[in-house]
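A.B. asks: Hey, can you work out the whole structure from these sequences and the hints?
Listed below are the residues making up each chain.
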Amino acid sequence: MATRGFTGRQSGPEPSDRVPPGQHLVNNFPVLTAGPTPRIEPADWNFTLKVGPRPFKVWSWSDFNALPRTRMTRDIHCVTSWSKLNTAWEGVAVDDILADAGLSAPTPFVLAHCFDGYSTNVPLADLATGKAMVALKYEGQPLPREHGGPARLLVPHLYFWKSAKWVNGLQFTERDEAGFWELRGYHIYGDPWNEQRYTND
Amino acid sequence: MTEAIAATARWQSCAIVEIATRTPAIKSFFLRLSETFDHKAGQHVDVRLIAPNGYTAMRSYSIASAPSNSRVIELAIERLPDGEVSPFFHDVAQVGDTIELRGPLGGHFLWPRPSNKPVLLIGAGSGVAPLMAMIRYRKASAEVVPVALLLSSRTWREVLFRDELLELEMSLPDFAFALALTREPATRCTDFSGRIDARVVADVAARLPASPGCAFVCGSNAFVDIAADAVLALGLEAGTIKTERYGA
Ligand SMILES: Cc1cc2nc3c(=O)[nH]c(=O)nc-3n(C[C@H](O)[C@H](O)[C@H](O)COP(=O)(O)OP(=O)(O)OC[C@H]3O[C@@H](n4cnc5c(N)ncnc54)[C@H](O)[C@@H]3O)c2cc1C
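Note that the protein sequences, when read in sequence, are chains A and B. The first sequence begins at 0 in numbering that gives the first Met the number 0 and counts up one residue at a time. The second sequence begins at 0 in numbering that gives the first Met the number 0 and counts up one residue at a time.
These are calculated hints, taken from the structure and not from any lab test. We put the beta carbon where it would ideally sit given N, CA and C, even for glycine. Any given hint could turn out to be false.
[To be verified] Counterexamples of contact, computed for chain A against chain B with all Cβ distances above 10 Å: (1) R3; (2) V30; (3) P52; (4) N64; (5) S80; (6) F108; (7) S118; (8) A127; (9) N167; (10) T172.
[To be verified] Calculated cross-link-like contacts (lysine-lysine; reagent style DSBU-like; alpha-carbon spacing at most 35 Å): (11) B:K241 x A:K130; (12) B:K241 x A:K56; (13) B:K138 x B:K241.
C.D. replies: This is the structure:
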């Protein structure tokens, strides 16, 4: 039912094939973080690939930066209802991380872990084949701290909480294990085109 | 927790039963739920407005009222000059109108389980809303946990829930309340003139009988970052500092 007196911004021809239902476009880049913004120096940074509880390979900041680079320009969609078009990222594709470790799909499920203790689950199918990267640059600049710098996961086709900030590892799990936000009411998969915002959506 | 959240998927229509002007830029909207829900202090709802052609705008608003048996919840909404949804509430919405919302939402920025560790609350502008739900809950429940609230506002006139907070400062045991006014000098000697910094936060935290077990910080992103860093400087673990960021 329409809300009395509401017409909305509806400014111009929205590229509606690029704005999922319930989303609105922003030009700025809002920040949503559950706690203080972590400070991580490159010297303290490392990235761990795990299979179950077992660490498989660890990269230092310089090792990680020596991996092949990928660029992506994508639209991003936050569960709090803003979307931002044409965001430009540079980083290391998850495919290239796995290739460097010589690991191929031990399980279909992955949990991304972060320096601040947060985690989020993403099926491998949504990370591999060029779909996702560990981003090191945004718009040509080192990733700002408030947006997850030095490195964040980027899974642009899912709601943006899946693109975990301050990422420090990927872990293959036997089952699809809910991460931090998924345990706190957010959807296990988070497809913006199907408005999978909260647990039962 | 998951059960409380499982019921949230449904949108419901709520009638606006009262509108109260709180400050020059903030009004409270009292909404009567058609389906009651049990919220926890700190949670929010998603509100959606629908245009005649089906265009929909959705935003989140914290619940400012304490959990209770009442079907009426309070949202305190600040009017952002060029915004899409908040000016609609201020300029168009009237008592008797119907608004769609779903909730309660949010499983992180929540009043802690019963404990006697003091709680530090820091908010700015409309970011006081979820903290007010916590203070009201503390008052209504038998919990005796000490609470300190540090509230940043441009001026005395713009302090959200000012009169109620001043009254609680007198009547509620173990409740410390301090203002930091950024655009005019503070007149009460327990308040601060200027922006919040580590010194101000340490001063307010020291009014608690013991060091805080956790902190809740809510407001604009820039404010939250400064306040959260100040709480870190008190020596609290990052995991005990919960933040809610309202926007850029
Ligand atoms: C969990 C949570 C809880 C919240 N709780 C509260 C609360 O209790 N009270 C409260 O007041 N707010 C709260 N907020 C913020 C609220 O959700 C909205 O973001 C806020 O009301 C602004 O919405 P708006 O539609 O009025 O402005 P928007 O249209 O979203 O615009 C926001 C600002 O950006 C500018 N802007 C952005 N895009 C454009 C554009 N295309 N054209 C012109 N200007 C633009 C506007 O000038 C405006 O100042 C909460 C946010 C979150 C995430």
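A.B. asks: Indicate, hint by hint, whether the structure satisfies it.
C.D. replies: Right, here's what the structure says about each hint:
no.: 1; hint: R3; in the structure: violated (5 Å)
no.: 2; hint: V30; in the structure: violated (5 Å)
no.: 3; hint: P52; in the structure: holds (22 Å)
no.: 4; hint: N64; in the structure: holds (26 Å)
no.: 5; hint: S80; in the structure: violated (5 Å)
no.: 6; hint: F108; in the structure: holds (20 Å)
no.: 7; hint: S118; in the structure: holds (13 Å)
no.: 8; hint: A127; in the structure: holds (30 Å)
no.: 9; hint: N167; in the structure: holds (14 Å)
no.: 10; hint: T172; in the structure: holds (19 Å)
no.: 11; hint: B:K241 x A:K130; in the structure: holds (32 Å)
no.: 12; hint: B:K241 x A:K56; in the structure: holds (32 Å)
no.: 13; hint: B:K138 x B:K241; in the structure: holds (21 Å)
Violation of the numbered hints given earlier is confined to hints 1, 2 and 5; the remaining hints are satisfied by the structure.
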